[in-house]
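Undergrad: Residue numbers (the working numbering), protein chains in the order written: chain W, 1 to 336; chain Y, 1 to 336.
If you're looking for bench data, these hints aren't it; they were derived computationally from the structure.
There's no promise every hint is true.
Pairs involving identical chains hold if they fit within one copy or between any two copies, as the list cannot separate such chains.
In silico DMTMM-like pairs for lysine to aspartate or glutamate, Cα to Cα no more than 25 Å straight-line [what the hints assert, rightly or not]:
1) 230 - 303
2) 230 - 302
3) 218 - 302
4) 85 - 61
2 protein chains.
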Amino acid sequence: MNQSFDIAVVGATGTVGETLVQLLQEREFPVANLHVLASSESAGSSVPFRGKNVRVREVDEFDFTKAKLVFFAAGPAVTLSYVAKAHAAGCSVIDLSGALPSDQAPQVVPECNAQILAGLEKPIQISSPSPSATALAVVLGPLLELLELQRVSVTACLAVSAQGREAVSELARQTTALLNMHPLETSFFDRQMAFNLLAQVGKPDAQGHVPLEKRLVKELREVLGLPSLKISVTCIQAPVFFGDSYSVSLQLAAPVDLPAVTAALEAGAGIELVDADDYPTAVGDAVGQDVVYVGRVRHGIDDTCELNLWLTSDNVRKGAALNAVQLAELLIKDLL
Amino acid sequence: MNQSFDIAVVGATGTVGETLVQLLQEREFPVANLHVLASSESAGSSVPFRGKNVRVREVDEFDFTKAKLVFFAAGPAVTLSYVAKAHAAGCSVIDLSGALPSDQAPQVVPECNAQILAGLEKPIQISSPSPSATALAVVLGPLLELLELQRVSVTACLAVSAQGREAVSELARQTTALLNMHPLETSFFDRQMAFNLLAQVGKPDAQGHVPLEKRLVKELREVLGLPSLKISVTCIQAPVFFGDSYSVSLQLAAPVDLPAVTAALEAGAGIELVDADDYPTAVGDAVGQDVVYVGRVRHGIDDTCELNLWLTSDNVRKGAALNAVQLAELLIKDLL
Ligand SMILES: NC(=O)c1ccc[n+]([C@@H]2O[C@H](COP(=O)([O-])OP(=O)(O)OC[C@H]3O[C@@H](n4cnc5c(N)ncnc54)[C@H](OP(=O)(O)O)[C@@H]3O)[C@@H](O)[C@H]2O)c1
Ligand SMILES: NC(=O)c1ccc[n+]([C@@H]2O[C@H](COP(=O)([O-])OP(=O)(O)OC[C@H]3O[C@@H](n4cnc5c(N)ncnc54)[C@H](OP(=O)(O)O)[C@@H]3O)[C@@H](O)[C@H]2O)c1
Numbered sequence: 001m002n003q004s005f006d007i008a009v010v011g012a013t014g015t016v017g018e019t020l021v022q023l024l025q026e027r028e029f030p031v032a033n034l035h036v037l038a039s040s041e042s043a044g045s046s047v048p049f050r051g052k053n054v055r056v057r058e059v060d061e062f063d064f065t066k067a068k069l070v071f072f073a074a075g076p077a078v079t080l081s082y083v084a085k086a087h088a089a090g091c092s093v094i095d096l097s098g099a100l101p102s103d104q105a106p107q108v109v110p111e112c113n114a115q116i117l118a119g120l121e122k123p124i125q126i127s128s129p130s131p132s133a134t135a136l137a138v139v140l141g142p143l144l145e146l147l148e149l150q151r152v153s154v155t156a157c158l159a160v161s162a163q164g165r166e167a168v169s170e171l172a173r174q175t176t177a178l179l180n181m182h183p184l185e186t187s188f189f190d191r192q193m194a195f196n197l198l199a200q201v202g203k204p205d206a207q208g209h210v211p212l213e214k215r216l217v218k219e220l221r222e223v224l225g226l227p228s229l230k231i232s233v234t235c236i237q238a239p240v241f242f243g244d245s246y247s248v249s250l251q252l253a254a255p256v257d258l259p260a261v262t263a264a265l266e267a268g269a270g271i272e273l274v275d276a277d278d279y280p281t282a283v284g285d286a287v288g289q290d291v292v293y294v295g296r297v298r299h300g301i302d303d304t305c306e307l308n309l310w311l312t313s314d315n316v317r318k319g320a321a322l323n324a325v326q327l328a329e330l331l332i333k334d335l336l
Numbered sequence: 001m002n003q004s005f006d007i008a009v010v011g012a013t014g015t016v017g018e019t020l021v022q023l024l025q026e027r028e029f030p031v032a033n034l035h036v037l038a039s040s041e042s043a044g045s046s047v048p049f050r051g052k053n054v055r056v057r058e059v060d061e062f063d064f065t066k067a068k069l070v071f072f073a074a075g076p077a078v079t080l081s082y083v084a085k086a087h088a089a090g091c092s093v094i095d096l097s098g099a100l101p102s103d104q105a106p107q108v109v110p111e112c113n114a115q116i117l118a119g120l121e122k123p124i125q126i127s128s129p130s131p132s133a134t135a136l137a138v139v140l141g142p143l144l145e146l147l148e149l150q151r152v153s154v155t156a157c158l159a160v161s162a163q164g165r166e167a168v169s170e171l172a173r174q175t176t177a178l179l180n181m182h183p184l185e186t187s188f189f190d191r192q193m194a195f196n197l198l199a200q201v202g203k204p205d206a207q208g209h210v211p212l213e214k215r216l217v218k219e220l221r222e223v224l225g226l227p228s229l230k231i232s233v234t235c236i237q238a239p240v241f242f243g244d245s246y247s248v249s250l251q252l253a254a255p256v257d258l259p260a261v262t263a264a265l266e267a268g269a270g271i272e273l274v275d276a277d278d279y280p281t282a283v284g285d286a287v288g289q290d291v292v293y294v295g296r297v298r299h300g301i302d303d304t305c306e307l308n309l310w311l312t313s314d315n316v317r318k319g320a321a322l323n324a325v326q327l328a329e330l331l332i333k334d335l336l
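Given only the sequences and the hints, what does the whole structure look like? Please build it.
TA: Okay, structure coming up:
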């Protein structure tokens, strides 16, 4: 296959967009022309790609007929403003912002439900799920045949980078201030994030659920193809720069055999299982890696119908940029 | 009641012991003589109490007939070395180290199962449960009548102070080193604790469970009087100095009415319920306070048979020193 493609990345100067451009290079994606787009603030700056500096342009002025495939990595409002224009220009779209409804742009994790791509109309529109749904789908996918899964309980401990560049700077600033006995100033977070855990990531609805939690439930059900799976979820913000961690407890209708579980995890694509007496961490293992790490595989205390796992994953790579590039690799086979 | 009592605190120079001595003063516990005990390392130093400096003595040289009540707050090995001597000398004992089996020293949280004290033989021996079991018991206790509880799933995010003074220093040292771009040195923790989450607090058994997780299950069942309650638990170490946080999901046999839950929590002793759109944090709320804070009270997504809660509690106060002093306050009524 010697064909190459004109690609646009909206939000190319952001946490996810930067990594996405790097991955297009690292994975030798067949890019003909690369268009890196952002707001007027970054227009004129540049992004490195294959040894050259590519000039950043304003998305508002972009002629979408110049691209065959567009990645939207600049927040839901930006996706909603430009997706129709891109579609009308014949672009296929991979959205990373969670802005599009699933009937318009289904959620896809290549390791789990790539088969649905073949049934979509062209130009293709798909969504890369939230980092939490992606990491859980990668790990639970290969276990579904083994388990009579009744419920997934998860506490997702999210890195501040999940909220973009400003959140990263604020954790660094707050930590430095506290260690130097300076007064704490908050701007991005509404309270002390350094040396603390925040139990609510985003604004809750009348029922007390935050958007990230609702997305996780909806997207995980969709990607696993289990629309009525019971999922208990709490998303918390941890004082960690990069890498999400998940405490996961699965309830099963019948006892599960642990050696079968570890064999399935070892064989699963995109998974790294660590040794039984060790465990993975965000900083020590996941960050900068393409796989989802799994450890602490164990039954419940007195309960062989319970399976517990600890996952860590790079929220910016597999959680966003890598998953999107993997989707693009599938699309160029014959769907663009 | 004008009687006062001779008290000994073993481990009085530690994180828990220091707070315990402070609380005896703050709560005007009727102390006649206070004996503050530690290892040979601290012997000769002193601990402030009621405006005086009390000299620290070596526990090994202490004559236990001088005390009516002994708090053991110096680790399980120290409890096991001296408890028989204390008992033989006629002392009542409150153990904070988790060293003693429940048939010898039952686990007690005053808000939940104080009634068992009356049935114990003198001199009394009781245990103050781990901070996790204590916080969960305080909050679940008043809900039991309302709920047909089938399972508790909890991810306990523990502060480093739960592991004592050395762990606190190491988090500070690691954070400073990283912010100054110095190489990371680990000694207390076996890997990077700053800006990271560790999924395994202690050494796992052959089944993968760590002692803290087994204690939580055993102690919570005992204090709630529900010996076969299903409890899914993961204890993780967070880069937080003081204050534990708990992500809790309860499964129920029947739908629960949220207003009834909030009413029960508001009425419960030792609980502070925060407003529905707010949530408590370790640093902002729990630290230095006597109550367990509760927030994010909500059903599951699509599931009224699920009740979710977020708790934060001062691990050193209600998790240890305060609970022990409250137990002592009950004992002096007529049990010493
Ligand atoms: N961070 C993660 O872990 C993660 C994971 C999965 C999905 N996501 C999603 O990916 C998206 C980007 O997140 P991020 O973390 O990369 O955010 P970020 O670091 O804050 O970057 C935001 C990007 O969007 C661009 N942008 C902002 N407003 C714009 C506008 N009006 N028009 C055009 N471009 C605009 C910014 O360009 P300027 O430089 O011009 O401001 C920048 O390139 C969000 O929807 C987020 O939910 C993030
Ligand atoms: N920290 C918590 O949140 C927490 C909560 C609940 C229960 N606990 C339990 O309470 C106990 C103390 O914990 P901590 O956090 O206070 O520990 P810590 O800060 O490390 O203090 C340890 C204390 O024990 C004393 N000690 C150590 N070895 C001794 C020995 N051989 N003989 C006599 N005294 C000795 C130390 O005295 P020196 O000054 O002489 O070394 C010091 O007073 C542990 O069992 C812990 O599991 C702790």
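Undergrad: It remains to establish, for every hint, whether it holds in the given structure.
TA: Hints and how they fare:
1. Taking the shortest alpha-carbon separations for residue 230 and residue 303, both the intra-copy value of 19 Å and the inter-copy value of 8 Å come in at or below 25 Å.
2. In this assembly of identical chains, the alpha carbons of residue 230 and residue 302 lie at most 25 Å apart whether taken from the same copy (22 Å) or from different copies (8 Å).
3. Proximity of residue 218 to residue 302 under the C-alpha cut-off of 25 Å is restricted to the inter-copy arrangement: shortest distance 11 Å between copies versus 31 Å within a copy.
4. In this assembly of identical chains, the alpha carbons of residue 85 and residue 61 lie at most 25 Å apart only when taken from the same copy (12 Å versus 83 Å across copies).
When held up to the earlier numbered hints, the structure conflicts with none and fits them all.
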